[in-house]
Amino acid sequence: MTIDPGAVARPTGRSYLARRRRTGTLLVLPALAVLALILALPIAASLALSLMDADTADFRFGVFVGLDNYRTLFADPVFALALRNSIYWMVVEVAVVVVVALWFALLLNHPMGRWSVFRIILLVPWALAPVANAVLWKWIYNSSYGILNFLGTATGVLPDPVVWLGDPGLALNALLVAEIWKEIPFITLLLLAGLQNVPRILYRASRLDGAGPWQTFRFVTLPQLRTTILICIVLQSIWALKSFDLVYVLTRGGPANATTMLNFLAYRVSFQFGNLGLGAAVADILFFVMFLLALAYVRVFRPARAAERGVA
Amino acid sequence: MSRRGRARTRRIGIGLGLALFVAWTLAPIVWALISSFLPLRALTSTPPDLAPGNFTLENYLGVLSADRDLIGGLRNSAIVASFTAVLALLIGSSAAYALARLRVPGGGKILMLILVTQMFPAMVIIIPLFIVLSRTGLTDSQVGLMIVYLSFVLPIVIWVLKGFFEAVPRELERAAAVDGASTMQVFRLVVLPISLPPLFATGVFAFIEAWNEFFFAVILTQSSAKTAPVVVAEFSGQYVSLYGQMVAAAAIASIPVIVLAIVFRRYILEGFVEGAVKG
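So the sequences go chain by chain: A and B.
With this note's numbering applied, the first sequence has no gaps in its numbers, which climb one by one up to 312 at the end.
With this note's numbering applied, the second sequence has no gaps in its numbers, which climb one by one up to 279 at the end.
Bound-form chain B, shown alone:
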């Protein structure tokens, strides 16, 4: 085969590979989205009746109607996830700055420890926490969930922010110190204000993680504090044959965080992905 012929076959091969990649990654989601807009009789006919006239919002309306818990679940998820994210930023940002810049004694070890906590099975902490929360009456409460969620959100926030703070130019801090600012003032008045975009993006990342969490939520909530994933899981177990509504519920619970991930993709790709590989 000629050199140009080989190059052309290669281009076709890569094009086919990319097409396969797109199809494999999107097919399940596209099918779920289509299903969520079809009435039950269209979904249960063989083959599925995809006539354009069939498309309807009835699954979404049905699943959002007051007798199902989804709205309450969405509200709980939004409250728990945003408070967890803000709390983690408040506690985590100062720690991350200190570990990035202030040569804290044992800082390297502390960082490794924080990284390793990410790898523990949630199961190992939930049993003792469950006992303590039951005895203090904090099961099935938003506050109880927030406390437990800090256990996985706080380490991520510290680790990611540390990477961002390391990129702040040292000259800025030095200039402020020469002007007589204390270390705390440098952090509060110089570093924090210029780090607002990464702080916000880290908060969004923490929000996504807390929103999607299921394991702790299903153990710690029974009724009033149920989060969206718990409601979606219960729904799919209870109304096993309401296929369209089941998928619509999953879509409603997922769309907010997928939109957030796409809007903040620059930070997710730069901060989190490269941070995991480079440290």
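One chain only, chain A, in its complex shape:
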């Protein structure tokens, strides 16, 4: 370590802070440059691409066609169906995941649920590769030998075996169950972290006031968890719109586009039909929706952080 005599004299002076700030900027720059190159630039390019007629035949940016791609999309019934599927998927997934995860988190926060093995159990579906999850459910849903049809017919719940992934009315919901199963654990962990931040004294006070378990939940836990729940809702909405692996492995968007959602449609149009301009238009619409959700996340986040700083 070399010794700089100036620093020894006054390490807290203005020059010290200015130097720290300058070094800080230098340290941030490489990361920002990388992110600009592989994130900001491609996003800008994708917006431009959606206004062009480009395809995978020559791998280049094409001819400017204005809003033609968007016009094509809005006239396309498959796009309308994909949009409807995406909204249904997001709403059901978020509602079920957050409600069930809240229930699990309350159970695990109870003294009986503090056993560390329960938390390890939660990590397993979370760390499982999404593709492996898809394969696992492909086997469960198998119409001839799947365990679901076996248990269903053996117990008499199902009169006949069901083709879970081949029926347009069932396929999307079958995928939803697989997705929800995998997504619940992480949201449970987030809510558990939130529950552990609820000041103990509030529970003691509510017990002294004679509140029952339901009243304590309704008037102490739920208001205290408000911000965490909002964060979970926004994050899960974003993740729901990103779903891809399950659709790819289980149904490829079928049967009859019943499981085609915006993200998969963008992939199919770009890389299977080779229409990069039109695919970029689908991706940009998805981007716009997710950008609004991200803004919502930031707005929920800010007051929470400000409040925390106020306490600290």
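Possibly wrong hints are sitting among the right ones.
Unchecked claim - Covered by chain B, per the in silico footprint, the following chain A stretches (three or more residues, Cβ under 8 Å):
id, stretch
1, 15-23
2, 43-52
3, 65-74
4, 97-111
5, 237-250
Hints were generated in silico from the structure; no laboratory data involved.
Note that CB positions come from ideal geometry on N, CA and C, so glycine has one too.
Place chain B on chain A using the hints.
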């Protein structure tokens, strides 16, 4: 009902809830694991033939045999995921330290921007990147994948490490500065060495994310750079009726990262989960 009776019913209720939680969360995995050890004729008989004598390793051996791509896929995944994690740590740790401690101008905005990038659909960046990588001959290569993976791994690494660096006691940095260390030296010689455990854990987290990634991999790789998830997905589409092997392949591709997650659970729970809620 008496007060004690009510308390007892409540305890039974919570016990039942916990049992349901365990069953729901583990049942699909347990069934997949059992299936992966059963030969095809046991799986296709009704009811499934679970006689202990049936259990065998033939699915695992079959799926790992040389003519299937799984070993190559595992190798590609291991290489791409570890290099991505190391690269992200190299570039991300200094940025995270600066954003945590050095009052970088506009630091708050930069952090929010980094957080928001996590929420973009991968689809929006892959089309332009695909064009550029095709023209530079980097599709179906490990290097191409690493570059693209940085787009989601680097923001996570910066965000998580920022939280860890904020917990480093300021007194240590001040003491080093009083001794005449420059800001860079404080970072390199004081902060980094005592942050090795969180750095390693963040690297593990980045590794898990990169290992499990499928969307970019299926678009950018065709043969030589296929990662384990791509091979598993292809296998389940090609050998649709080899149920046991299909599930065994999925298990082989998942077990490494599940073990990592369980071993490093303390950091995942403290650093990542609380970071997402508290910021």
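Outcome of the hint check:
Counting residues of the stretch 15-23 of chain A whose beta carbon lies closer than 8 Å to any beta carbon of chain B gives 6, which meets the minimum of three for the stated coverage. By the rule of at least three residues with a Cβ nearer than 8 Å to a Cβ of chain B, the coverage given for the stretch 43-52 of chain A holds, with 4 such residues. Judged by the Cβ-Cβ criterion of 8 Å, the stretch 65-74 of chain A is not covered by chain B as claimed, because only 0 of its residues qualify and three are needed. For a cut-off of 8 Å, the count of residues in the stretch 97-111 of chain A with a CB near a CB of chain B stands at 5, and the three-residue condition holds.
Check result for the stretch 237-250 of chain A against chain B: holds, 7 residues qualifying (beta carbon to beta carbon below 8 Å, three or more required).
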